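In order, the protein sequence lines correspond to chains A and B. Heads up: the first sequence begins at 64 in our numbering, then just goes up one per residue. Heads up: the second sequence begins at 4 in our numbering, then just goes up one per residue.
Honestly, I wouldn't trust all of these hints.
[What the hints assert, rightly or not] Selected chain A positions facing chain B (in silico; Cβ < 8 Å):
{"hint": "1", "residue": "Tyr276"}
{"hint": "2", "residue": "Glu283"}
{"hint": "3", "residue": "Asp288"}
{"hint": "4", "residue": "Pro291"}
{"hint": "5", "residue": "Tyr335"}
[Stated by the list, open to error] In silico SDA-like pairs for lysine to any residue, Cα to Cα no more than 25 Å straight-line:
{"hint": "6", "chain 1": "B", "residue 1": "Lys126", "chain 2": "A", "residue 2": "Met219"}
{"hint": "7", "chain 1": "B", "residue 1": "Lys126", "chain 2": "A", "residue 2": "Val110"}
{"hint": "8", "chain 1": "B", "residue 1": "Lys106", "chain 2": "A", "residue 2": "Asp213"}
{"hint": "9", "chain 1": "B", "residue 1": "Lys17", "chain 2": "A", "residue 2": "Val110"}
{"hint": "10", "chain 1": "B", "residue 1": "Lys17", "chain 2": "A", "residue 2": "Arg96"}
{"hint": "11", "chain 1": "B", "residue 1": "Lys124", "chain 2": "A", "residue 2": "Arg96"}
{"hint": "12", "chain 1": "B", "residue 1": "Lys106", "chain 2": "A", "residue 2": "Asn216"}
{"hint": "13", "chain 1": "A", "residue 1": "Lys292", "chain 2": "B", "residue 2": "Asn76"}
{"hint": "14", "chain 1": "A", "residue 1": "Lys223", "chain 2": "B", "residue 2": "Thr122"}
{"hint": "15", "chain 1": "A", "residue 1": "Lys292", "chain 2": "B", "residue 2": "Ala87"}
{"hint": "16", "chain 1": "B", "residue 1": "Lys126", "chain 2": "A", "residue 2": "Phe214"}
{"hint": "17", "chain 1": "B", "residue 1": "Lys106", "chain 2": "A", "residue 2": "Arg96"}
{"hint": "18", "chain 1": "B", "residue 1": "Lys126", "chain 2": "A", "residue 2": "Arg96"}
{"hint": "19", "chain 1": "B", "residue 1": "Lys17", "chain 2": "A", "residue 2": "Pro107"}
{"hint": "20", "chain 1": "B", "residue 1": "Lys124", "chain 2": "A", "residue 2": "Asp229"}
{"hint": "21", "chain 1": "A", "residue 1": "Lys292", "chain 2": "B", "residue 2": "Glu33"}
{"hint": "22", "chain 1": "A", "residue 1": "Lys292", "chain 2": "B", "residue 2": "Lys124"}
[As the list claims (entries may be wrong)] Per label pair, the in silico range of CB-to-CB distance:
{"hint": "23", "chain 1": "B", "residue 1": "Ser97", "chain 2": "A", "residue 2": "Arg106", "range": "48 to 54 Å"}
{"hint": "24", "chain 1": "A", "residue 1": "Asn75", "chain 2": "B", "residue 2": "Asp89", "range": "52 to 58 Å"}
{"hint": "25", "chain 1": "A", "residue 1": "Thr159", "chain 2": "B", "residue 2": "Ala133", "range": "50 to 56 Å"}
{"hint": "26", "chain 1": "A", "residue 1": "Arg194", "chain 2": "B", "residue 2": "Asn35", "range": "34 to 40 Å"}
{"hint": "27", "chain 1": "A", "residue 1": "Thr136", "chain 2": "B", "residue 2": "Ala133", "range": "27 to 33 Å"}
{"hint": "28", "chain 1": "A", "residue 1": "Thr159", "chain 2": "B", "residue 2": "Phe36", "range": "48 to 54 Å"}
{"hint": "29", "chain 1": "B", "residue 1": "Asp99", "chain 2": "A", "residue 2": "Thr136", "range": "44 to 50 Å"}
{"hint": "30", "chain 1": "B", "residue 1": "Thr92", "chain 2": "A", "residue 2": "Ala232", "range": "40 to 46 Å"}
Hints in this document: simulated from the structure, not taken from any laboratory. The structure displayed is predicted, hence computed values, not measured ones. Using N, Cα and C, we set each Cβ at its ideal position, and we do this for glycine too.
Residue-level listing of the chains:
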Amino acid sequence: MASLKDLRVRINSVKNTRKITSAMKMVAASKLRRAQEAAEAGRPYAVRMERMLGNLASSVAGTAGAPKLLAGTGKSDVHLIVVMTADRGLCGGFNTNVVRSARQFIRELETEGKTVKLLCVGRKGRDQLKRDHADKIVQSYEGLARKGADFANADMVAQKILADFDAGAFDVCTLIYNKFQSAIAQITTRQQIVPFPVPAVSVEANAGPKALYEYEPSEEDILTDLLPKNVAMQVYSSMLENDASEQGARMSAMDNATRNAGDMIKKLTLVYNRTRQAMITKELIEIISGAEAL
Amino acid sequence: MADTLDFELVSPAKLLVSEPVSMVVVPGTEGNFGALPQHAPMLSTVRPGVIDVYKNGQIAKRIFVAGGFAEVNETRCTVLAEEAHDLSTLTRDSVDARIQAAKDALQEADSASEKAAATSKLKVAEAMLAAIA
Numbered sequence: 064m065a066s067l068k069d070l071r072v073r074i075n076s077v078k079n080t081r082k083i084t085s086a087m088k089m090v091a092a093s094k095l096r097r098a099q100e101a102a103e104a105g106r107p108y109a110v111r112m113e114r115m116l117g118n119l120a121s122s123v124a125g126t127a128g129a130p131k132l133l134a135g136t137g138k139s140d141v142h143l144i145v146v147m148t149a150d151r152g153l154c155g156g157f158n159t160n161v162v163r164s165a166r167q168f169i170r171e172l173e174t175e176g177k178t179v180k181l182l183c184v185g186r187k188g189r190d191q192l193k194r195d196h197a198d199k200i201v202q203s204y205e206g207l208a209r210k211g212a213d214f215a216n217a218d219m220v221a222q223k224i225l226a227d228f229d230a231g232a233f234d235v236c237t238l239i240y241n242k243f244q245s246a247i248a249q250i251t252t253r254q255q256i257v258p259f260p261v262p263a264v265s266v267e268a269n270a271g272p273k274a275l276y277e278y279e280p281s282e283e284d285i286l287t288d289l290l291p292k293n294v295a296m297q298v299y300s301s302m303l304e305n306d307a308s309e310q311g312a313r314m315s316a317m318d319n320a321t322r323n324a325g326d327m328i329k330k331l332t333l334v335y336n337r338t339r340q341a342m343i344t345k346e347l348i349e350i351i352s353g354a355e356a357l
Numbered sequence: 004m005a006d007t008l009d010f011e012l013v014s015p016a017k018l019l020v021s022e023p024v025s026m027v028v029v030p031g032t033e034g035n036f037g038a039l040p041q042h043a044p045m046l047s048t049v050r051p052g053v054i055d056v057y058k059n060g061q062i063a064k065r066i067f068v069a070g071g072f073a074e075v076n077e078t079r080c081t082v083l084a085e086e087a088h089d090l091s092t093l094t095r096d097s098v099d100a101r102i103q104a105a106k107d108a109l110q111e112a113d114s115a116s117e118k119a120a121a122t123s124k125l126k127v128a129e130a131m132l133a134a135i136a
């Protein structure tokens, strides 16, 4: 049985752990609020851009001169998967979920005979995928979200994606990230960004008298401007979502850890007190039986 | 007929303006255009310049945008701007500093893409200067 001293040391160490986890929870909670605001503030732009692009895309789709970013390269042999994770751990299943989804996607694509390339945003994703998919990683970024998501960083990643696409390095590009729903729920999401998926609502629009848009300058000019912007925007909004999700996941993970530490302290204290009482009783018995023997 | 249209100005970071107005004048790439209610649907790119927001026949707000896209239809005018500042918050000094920074970037640029980026930055800064002059 553990001695009293061992128990005391153990209780103290768990108490210290609890202090750390509860501090981390507080930090995550305050960061979460900021990240959540940023994510919600960023949504209108993404929504409107998608609406605008959807409008434009459904009118240009099918024509011969449609830009590659919209129409695709005509094949889907090489897939680029952008895996968005955090740089730091201790946030529950946050990183693992993204990586698991990525692994599953890689398997699906490989059984279809496609080639897969990976672009890792965030250190944890790279570290976890390095073990079995090291040969597929073309580029990895880390430290991008240290001060919250930043459009300049998102643009940098988007430029890399676009440059690779122009060079013909891949045909389809998909983002995998955690969509923020609440502090306890994050949804791992796959989103195709290249080629731009033309929304299915065009069927409904065709039913009624569809408003014809005038374009200034031409449709093609706007599209060639808008499509790369959209890639950057999608990367940016997924970064925002991811950032908020990370803080949410960390907050609930640390909340659990704090509670578990509390339970553990309670149990250990009980054992400690019992042991102490047992020792006192033992000593008393020894003294009494010693006195009786005289 | 409604006599106002909903004007929305959105930047990647947030929704900046969303309110009913009587007219907006947007600096399109091929010239400024005014959007009144019941305007024909239109999509345009936006060059760096000033958006004038009219309410009751008067300019209620002047906002500088650094380029983007505008979508107009019968009831709505949406501007997606990469960057937007209320004209009253811009000062001569900050604009001068921006022009200088852009010029420096242009000098130091060695690749074609860097040069293009710096040139467009300079254009934005010069448009800003023209806007406050």
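Tested hints:
1. Tyr276: With a closest approach of 5 Å, the Tyr276(A) hint holds.
2. Glu283: Hint violated; Glu283(A) Cβ to chain B Cβ min 12 Å, cut 8 Å.
3. Asp288: Where the cut-off is 8 Å and the nearest Cβ of chain B is about 6 Å from Asp288(A), the hint holds.
4. Pro291: 12 Å, violated
5. Tyr335: Tyr335(A) check fails; min Cβ-Cβ to chain B is 54 Å, beyond 8 Å.
6. Lys126(B) x Met219(A): 21 Å, holds
7. Lys126(B) x Val110(A): Violated - the C-alpha atoms of Val110(A) and Lys126(B) are around 28 Å apart, more than 25 Å.
8. Lys106(B) x Asp213(A): 24 Å, holds
9. Lys17(B) x Val110(A): 12 Å, holds
10. Lys17(B) x Arg96(A): Judged against 25 Å, a Cα distance of about 15 Å means the pair holds.
11. Lys124(B) x Arg96(A): Status violated; Cα separation ~33 Å.
12. Lys106(B) x Asn216(A): The hint holds at about 22 Å.
13. Lys292(A) x Asn76(B): 22 Å, holds
14. Lys223(A) x Thr122(B): Holds: Lys223(A) and Thr122(B) sit about 20 Å apart, inside 25 Å.
15. Lys292(A) x Ala87(B): 16 Å, holds
16. Lys126(B) x Phe214(A): 20 Å, holds
17. Lys106(B) x Arg96(A): Status violated; Cα separation ~38 Å.
18. Lys126(B) x Arg96(A): Violated: Lys126(B) and Arg96(A) sit about 37 Å apart, past 25 Å.
19. Lys17(B) x Pro107(A): 7 Å, holds
20. Lys124(B) x Asp229(A): 24 Å, holds
21. Lys292(A) x Glu33(B): This hinted pair holds, its Cα atoms lying about 20 Å apart.
22. Lys292(A) x Lys124(B): 16 Å, holds
23. Ser97(B) x Arg106(A): 48 to 54 Å: 29 Å, violated
24. Asn75(A) x Asp89(B): 52 to 58 Å: Distance hint for Asn75(A), Asp89(B) holds at roughly 57 Å.
25. Thr159(A) x Ala133(B): 50 to 56 Å: Holds: the Cβ-Cβ distance is about 53 Å, inside 50 to 56 Å.
26. Arg194(A) x Asn35(B): 34 to 40 Å: 57 Å, violated
27. Thr136(A) x Ala133(B): 27 to 33 Å: Violated - the Cβ-Cβ distance for Thr136(A) and Ala133(B), about 42 Å, lies outside 27 to 33 Å.
28. Thr159(A) x Phe36(B): 48 to 54 Å: For Phe36(B) against Thr159(A), whose Cβ atoms are near 51 Å apart, the range 48 to 54 Å holds.
29. Asp99(B) x Thr136(A): 44 to 50 Å: Because 46 Å falls inside the window, the suggested range holds.
30. Thr92(B) x Ala232(A): 40 to 46 Å: At roughly 43 Å between Cβ atoms, Ala232(A) and Thr92(B) fall inside 40 to 46 Å, so the hint holds.
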